[in-house]
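Residue numbers (my numbering), protein chains in the order written: chain H, 150 to 380; chain C, 150 to 380; chain B, 150 to 380; chain Y, 150 to 380.
Treat the hints with care, since some could be wrong.
[What the hints assert, rightly or not] One side of the interface only, derived from the structure: several residues of chain C facing chain Y at Cβ under 10 Å:
#1 LEU276
#2 ARG277
#3 PRO278
#4 PRO342
#5 GLY377
#6 THR379
#7 ASN380
Read the hints as simulated data drawn from the structure, not as lab findings.
Just so it is clear, CB atoms sit at the ideal spot from N, CA and C, and this is done for glycine as well.
There are 4 protein chains.
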Amino acid sequence: MSAQANSPSQSLDGKRVVITQANSFMGPPLVKAFNQVGADVIPDYRDLTHDKAADNLVCEVKNIDILIINLASQRIRAQATQITDQQFNTPFEEMVYPLFRLGRSVLPQMIERQSGKIIVLGSAAPLRPFADASAYATARGAQLSWVKAVGNEVAPANVQVNAIAQIFVENQEYFPLEYQATEEFKHRIAEVPAGRLGTGEEHAAVCLFLASSHCNFISGQVIPFNGGWTN
Amino acid sequence: MSAQANSPSQSLDGKRVVITQANSFMGPPLVKAFNQVGADVIPDYRDLTHDKAADNLVCEVKNIDILIINLASQRIRAQATQITDQQFNTPFEEMVYPLFRLGRSVLPQMIERQSGKIIVLGSAAPLRPFADASAYATARGAQLSWVKAVGNEVAPANVQVNAIAQIFVENQEYFPLEYQATEEFKHRIAEVPAGRLGTGEEHAAVCLFLASSHCNFISGQVIPFNGGWTN
Amino acid sequence: MSAQANSPSQSLDGKRVVITQANSFMGPPLVKAFNQVGADVIPDYRDLTHDKAADNLVCEVKNIDILIINLASQRIRAQATQITDQQFNTPFEEMVYPLFRLGRSVLPQMIERQSGKIIVLGSAAPLRPFADASAYATARGAQLSWVKAVGNEVAPANVQVNAIAQIFVENQEYFPLEYQATEEFKHRIAEVPAGRLGTGEEHAAVCLFLASSHCNFISGQVIPFNGGWTN
Amino acid sequence: MSAQANSPSQSLDGKRVVITQANSFMGPPLVKAFNQVGADVIPDYRDLTHDKAADNLVCEVKNIDILIINLASQRIRAQATQITDQQFNTPFEEMVYPLFRLGRSVLPQMIERQSGKIIVLGSAAPLRPFADASAYATARGAQLSWVKAVGNEVAPANVQVNAIAQIFVENQEYFPLEYQATEEFKHRIAEVPAGRLGTGEEHAAVCLFLASSHCNFISGQVIPFNGGWTN
Chain H
150 MSAQANSPSQ
160 SLDGKRVVIT
170 QANSFMGPPL
180 VKAFNQVGAD
190 VIPDYRDLTH
200 DKAADNLVCE
210 VKNIDILIIN
220 LASQRIRAQA
230 TQITDQQFNT
240 PFEEMVYPLF
250 RLGRSVLPQM
260 IERQSGKIIV
270 LGSAAPLRPF
280 ADASAYATAR
290 GAQLSWVKAV
300 GNEVAPANVQ
310 VNAIAQIFVE
320 NQEYFPLEYQ
330 ATEEFKHRIA
340 EVPAGRLGTG
350 EEHAAVCLFL
360 ASSHCNFISG
370 QVIPFNGGWT
380 N
Chain C
150 MSAQANSPSQ
160 SLDGKRVVIT
170 QANSFMGPPL
180 VKAFNQVGAD
190 VIPDYRDLTH
200 DKAADNLVCE
210 VKNIDILIIN
220 LASQRIRAQA
230 TQITDQQFNT
240 PFEEMVYPLF
250 RLGRSVLPQM
260 IERQSGKIIV
270 LGSAAPLRPF
280 ADASAYATAR
290 GAQLSWVKAV
300 GNEVAPANVQ
310 VNAIAQIFVE
320 NQEYFPLEYQ
330 ATEEFKHRIA
340 EVPAGRLGTG
350 EEHAAVCLFL
360 ASSHCNFISG
370 QVIPFNGGWT
380 N
Chain B
150 MSAQANSPSQ
160 SLDGKRVVIT
170 QANSFMGPPL
180 VKAFNQVGAD
190 VIPDYRDLTH
200 DKAADNLVCE
210 VKNIDILIIN
220 LASQRIRAQA
230 TQITDQQFNT
240 PFEEMVYPLF
250 RLGRSVLPQM
260 IERQSGKIIV
270 LGSAAPLRPF
280 ADASAYATAR
290 GAQLSWVKAV
300 GNEVAPANVQ
310 VNAIAQIFVE
320 NQEYFPLEYQ
330 ATEEFKHRIA
340 EVPAGRLGTG
350 EEHAAVCLFL
360 ASSHCNFISG
370 QVIPFNGGWT
380 N
Chain Y
150 MSAQANSPSQ
160 SLDGKRVVIT
170 QANSFMGPPL
180 VKAFNQVGAD
190 VIPDYRDLTH
200 DKAADNLVCE
210 VKNIDILIIN
220 LASQRIRAQA
230 TQITDQQFNT
240 PFEEMVYPLF
250 RLGRSVLPQM
260 IERQSGKIIV
270 LGSAAPLRPF
280 ADASAYATAR
290 GAQLSWVKAV
300 GNEVAPANVQ
310 VNAIAQIFVE
320 NQEYFPLEYQ
330 ATEEFKHRIA
340 EVPAGRLGTG
350 EEHAAVCLFL
360 ASSHCNFISG
370 QVIPFNGGWT
380 N
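Generate the whole structure from the sequences, applying the supplied hints.
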């Protein structure tokens with residue numbers, strides 16, 4: 150039926166979707182969700198901290214319709230007075246420099262085709278402070294600023310770059326089951342209006358929406374996904 | 150297939166969706182889009198400025214799963230020094246007080262069912278100023294503040310209240326074809342990174358996303374839909 | 150000495166400063182602080198909800214260099230589902246419509262002189278939700294939107310309109326001593342990074358800064374004053 | 150007179166104020182302004198990109214009441230698709246890593262004394278995009294995120310960390326006279342509501358305000374200083 154053909158998710162049928170670090174952070178539920186809607190999912194597993202990794206990825210995969218930049222970094226707990234040089238460098242090495250390089254590598258083909266999307270799995274950490282997370286929040290804030298600037302820059306070429314400002318979403322890196330059993334977690338989750346973690350399926354729905362060809366009028370934006378924790 | 154059953158739009162099948170002022174502003178494309186995904190669309194046409202109109206609507210329709218608050222008001226052009234009492238009152242009478250009343254009338258049943266969504270078609274006008282629009286921007290800003298407060302308040306009951314901060318979207322009220330032919334319009338659209346108006350279909354895709362049962366982890370949020378004009 | 154002559158506060162010497170509702174909310178410490186720096190303070194006590202009150206004020210006072218719009222409204226505690234028409238109307242009648250009218254009355258003389266300032270004592274309530282305050286937050290949000298729009302509109306005439314987004318500041322209306330003794334207050338103040346209420350003197354320092362002729366490059370802005378509660 | 154003694158600027162008398170990179174960016178007018186109000190100004194000229202430079206500065210100067218972090222980096226013009234590794238690294242090396250290190254070095258003494266201020270001269274670039282500035286905006290956005298996180302972290306110790314989100318301010322680095330003569334500049338300044346560059350004196354007034362002991366209730370905040378260009 151035409152109704153089906155027009156549904157946003159259907160528009161992803163056959164689209165080449167690269168998901169970075171596909172076995173960590175939000176990778177597994179995203180691979181599943183994009184496969185379910187018929188996308189041609191290319192999970193990537195390489196370490197993106199190497200300075201040629203982004204170029205290599207794009208060179209190998211060639212045509213990329215949608216690039217999901219799924220980068221996580223251990224949230225080091227350190228006060229601003231205690232943090233080491235390495236502790237504040239690492240989130241940039243793992244989450245910010247790879248972002249620059251992935252954008253630089255993949256955007257030319259998207260601009261040339263006048264079509265393409267980058268979805269950055271960012272964080273709500275820069276939007277509302279929490280304890281001992283300044284290095285992490287700073288790198289995550291850099292990501293959101295990059296998305297705003299670059300999303301603005303490439304929108305005239307019909308390429309969309311957006312971020313999800315997420316927190317309190319189920320994933321092994323930040324919310325393993327053992328952490329969910331702690332008093333600290335219970336105290337934190339009580340501050341989330343939704344009163345629970347978001348699920349991988351719910352998160353994937355945001356990505357499917359942003360990836361859809363029905364979503365070409367949104368670029369350079371930060372979509373909150375955090376149970377109402379920020380606003 | 151299970152993939153189909155899981156797609157976000159499918160989750161709207163049979164859902165009772167009320168769209169206010171269904172023949173104006175974003176009403177027509179929304180009625181079409183929600184019908185296409187199988188929702189039970191109840192278009193409403195009443196004047197919502199009357200103080201019993203919201204109660205009457207909810208009393209007549211009874212069960213409402215999703216309420217789309219589609220309210221527009223003529224964007225009066227007046228400098229802050231020239232505006233009349235009526236000119237600044239009118240946007241509140243037409244867009245803000247109906248919002249309070251619609252929320253008050255429909256939220257109790259949603260809270261009781263621990264399920265339901267309100268989507269407010271707001272504006273990006275309060276996010277970036279433009280000339281001679283202070284009254285309009287003020288009322289639209291009030292709408293966004295209401296959404297943030299109430300979306301936070303009802304999220305624990307699994308009810309989601311969100312807004313779309315839209316501008317530069319095709320509709321007869323703000324962008325009639327004659328206006329699109331003016332130099333003023335051409336000057337304004339040149340400031341939109343996407344370089345064009347958003348379509349009714351693209352706008353409907355945002356509403357379908359927010360209306361989906363896969364979107365229960367977002368509440369009290371303002372989703373930008375403006376071709377990158379704000380960020 | 151020239152150093153003294155150049156100090157920001159000195160620039161207020163002899164300036165005609167009107168403070169509305171001067172015996173309530175932030176009025177008393179502001180009257181004192183502006184008197185101390187040599188301003189010609191005109192405290193005003195009239196009820197500004199009457200539709201001619203703003204015109205009357207400006208007509209009587211004539212030349213106004215700086216208008217401090219000090220408007221408060223009882224923070225009615227009501228859930229969005231319980232609020233009465235009067236309860237959501239009142240904050241607009243008391244805080245939003247007077248703002249429109251005061252701006253309309255006083256801006257023409259400022260624009261003509263190419264000099265003048267309006268300082269709106271707004272609230273951080275629209276920036277971070279708290280329980281059962283949706284009507285109050287909505288009206289306060291409308292104020293901030295008005296400031297952004299009008300501050301932008303009049304900046305080319307060298308007139309500055311700015312707001313202070315304050316909360317947790319000592320005043321009889323919102324934080325009377327009896328309330329400060331409650332458990333609720335203790336719970337709320339524990340969420341303020343500064344761990345205490347701001348004082349009237351500290352608040353006045355923000356107003357003196359915004360009122361200074363050294364502060365002509367800031368317009369349409371919202372200055373946070375809340376002990377770090379928002380950011 | 151007591152009025153004099155109470156004025157915010159007077160509170161800086163004898164305070165030890167370090168201004169980094171004092172001969173560039175906003176350094177010269179700041180040195181002058183803080184000297185005029187009687188502060189004990191310690192202009193610093195060292196290159197802060199070296200990993201021991203911040204520690205050395207604090208070790209040499211010892212007691213620092215107020216640290217003004219005045220860091221600039223050439224705004225490299227490069228599209229996101231063209232930028233080199235060095236071009237995106239440099240703004241971080243020059244503006245972000247020194248920020249981490251300066252904060253780490255100076256905050257312990259401030260926390261111990263339960264008194265002290267850091268003022269970061271940031272940028273409005275992350276708040277509103279402009280062409281070919283993604284690397285610069287990303288590093289500047291990282292600065293603002295650091296300020297929000299750390300300002301929140303140290304506020305309980307009565308230490309305040311704030312930023313100024315400035316743009317269109319007179320300085321040799323970004324707005325040399327030759328650039329002010331270009332058509333590009335004239336086009337850009339036409340988008341600033343104030344219609345002009347801010348002056349060094351006006352900028353210094355913001356810093357004097359944030360540095361004052363009357364400004365202890367503001368921490369983790371970003372103060373806009375840009376002629377109304379953002380809001």
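Hints versus structure:
no.	hint	result
1	LEU276	holds, 9 Å
2	ARG277	holds, 8 Å
3	PRO278	holds, 7 Å
4	PRO342	holds, 8 Å
5	GLY377	holds, 8 Å
6	THR379	holds, 9 Å
7	ASN380	holds, 7 Å
In this structure, every one of the numbered hints holds.
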